[in-house]
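Residue numbers (UniProt numbering), protein chains in the order written: chain P, 1 to 258; chain F, 1 to 336.
Note that these hints are calculated values from the structure, not bench results. Some hints here could point you the wrong way.
What the hints assert, rightly or not - With the C-beta cut set under 7 Å, the calculated list includes, among others, these residues of chain F facing chain P:
(1) SER45
(2) PHE201
(3) PHE204
(4) TYR209
(5) GLY222
(6) GLY280
(7) ARG329
What the hints assert, rightly or not - With a straight-line cut-off of 20 Å between C-alpha atoms, the simulated SDA-like cross-links for lysine to any residue are:
(8) P/LYS53 <-> P/HIS79
(9) P/LYS118 <-> F/CYS197
(10) P/LYS118 <-> F/ALA63
(11) F/LYS331 <-> P/GLY152
(12) F/LYS161 <-> F/ILE257
(13) F/LYS161 <-> F/GLY252
(14) P/LYS118 <-> F/LEU194
(15) P/LYS118 <-> F/ARG227
(16) P/LYS118 <-> F/PHE196
(17) P/LYS53 <-> F/LEU215
(18) P/LYS118 <-> F/ARG200
(19) P/LYS118 <-> F/PHE201
(20) P/LYS53 <-> F/ILE257
(21) P/LYS53 <-> F/ALA216
Ideal placement from N, C-alpha and C gives every residue a C-beta, glycine not left out.
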Amino acid sequence: MSTAAGEVVLEARGLRKHYGPVVAAAGMDLEIRRGEVMALVGDNGAGKSTLVKMLSGAIRPDAGEIVHRGRAIQLHGPHDARERGIETTYQDLALAPNRDVIANLYLGREIVRGGLLKPLGILDRREMTRRATDQLSRLGVRLPALTGTPVGRMSGGQQQGVAVARAASWATDVLFMDEPTAALGVRQSEAVLQVARRIAQSGVGVVLITHIMPHVMEVADRVVVLRHGRKVADMTAAELRQDRLIALMAGYEEGEAA
Amino acid sequence: MEASTYPGNAPDTRDGGRVRALLGRVAPEQLGLSGMLVVACVIISMQSPYFLQGENFANIGTAVAVSGVMAAFTTIVLIGGGLDLSLGAVLVLAGWAMATALDAGYTAGAAIAFALVVGAGCGLVNGLLIVGVGINPFIVTIGTQFAFRGITYAWSGGGAKSTPVDDPTIVALGSDRLLGIPLPVYVLAGMFLLAFCLLRFTRFGSNVYAIGGNLAAARLAGVRVDRTRILVYVLSALSAAVAGVLLIGISGAAIPIAGQGIELTVLAAVILGGTALMGGRGTVVGTLLGVLLLGVINNGLTLLSAPSYWQMIVQGTALLIAVVFDEVRRKRKETR
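Build out the structure end to end from the sequences listed, making use of the hints.
Structural data, given as structure tokens:
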């Protein structure tokens, strides 16, 4: 990665989103830095998903600015974000259950044979398998079989591994992970968190949405707390004590950024 | 995902190697179907001495060619989570287009090309209504089934009117043989091979499986979902146009009332072959077995001089049994 760790790669400035009378985002600011794992926490309805969806192109903000690599940008859809190296893993995994690992990792980005056959779109499974094998071992994701076995037959942790590996393979700038450990056991969660850490170390800004406080404490470099569509706290892990975090989320204590 | 202390992931090449990698897993339902096919052949051959003659196999091949050509591509439609009930109507409309072109003095090649263009147009209409407007494929293709057949009747000056086709090339396509095998069987084999390769080796096929399995996920992953789905309906209608050309070659006439309900025969073969009615799963090989099984049973009923309504009863029952099996598979998968 040519760009320095700690550099702000993606920024939200005063993002607002209303659904009729409901204010989902009431002017949100966020700075995502390369090499950092940021935990985005908050109660249900705090605006976490809304914020991430705006930053990943899934919904358009009503007002405010999105700044990528120092330039204000418009995201017209998830495709737009992906082209800029901004990837998202979704809570419901978004995998094709009857396809194998390779097909899922390259879903929508299949490698096809070149030359005269190129217009036919003949898949180059060998090349995809080779690259996927590399990528998975770099990420430390261990799967029982890359070819031939539908991912729908794999465990929840393995499926999460596929979803994370897919996003990580293409995320050069930012990776949003929406509740990646919600359905997982302790050991599997541990593995996913390790992967998040590794991706950040490669120079990507990782944003982890989670309800599970021990995971926040374990992996996050920075913690951002949202409540009622606003950011109420933004602090480094060193400044953080778990009791204070829960108080902020529940609204017993006002943070400095409110 | 397990802890990362394991060695790297290796492609799964343990048992089976390249052949299995090429053909894919042999599903249990395919073994079951092959078994049923063998049992049907044994029973019929015990009842009729004609069954095992080469000539009879040629007859079976020609008899299943028309519906089989469409079954190959209906497999793709169903895997993609779609449905095309307009096949029989596209078949006669494209066939009538070819007959008209021949009448006007065009060559067989040009007339076939015209039939394919008309077929592709029908598929585009289906695709645009289903994908562009977002209407349920069941409703759309029932609607276009009536519309396309109605257009054929209007074009032919009334449904009861058929026209003989004596173009030597077209007639040869339906009745000539090469190495003792009827030409329609070569067309059938070619179309199955094409559908197989599309599903197995191309980006298009991979995307069709993904769309049928989880449309939202495919869209989020950046698959060009709309384009792929429209193409599926165009290919399906093209297969119906090919079937229409074959049928005229075999019967020697363009008959506007032909092919009514043939889409149900096609669906029965495809679902019998293990393709999921709800999409995401299925194989062309399974469909081929389904086509052959229904063809052999129909042939047996004919050899045993059973009245023709028995074929309807058998096909209807086979479709229902296939759907029940599909539902059982789906439920078992959900509760697992």
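- prompt: Of the numbered hints stated previously, which ones are contradicted by the structure, given in increasing order?
  reply: Failing hints, ascending: 1, 7, 10, 20.
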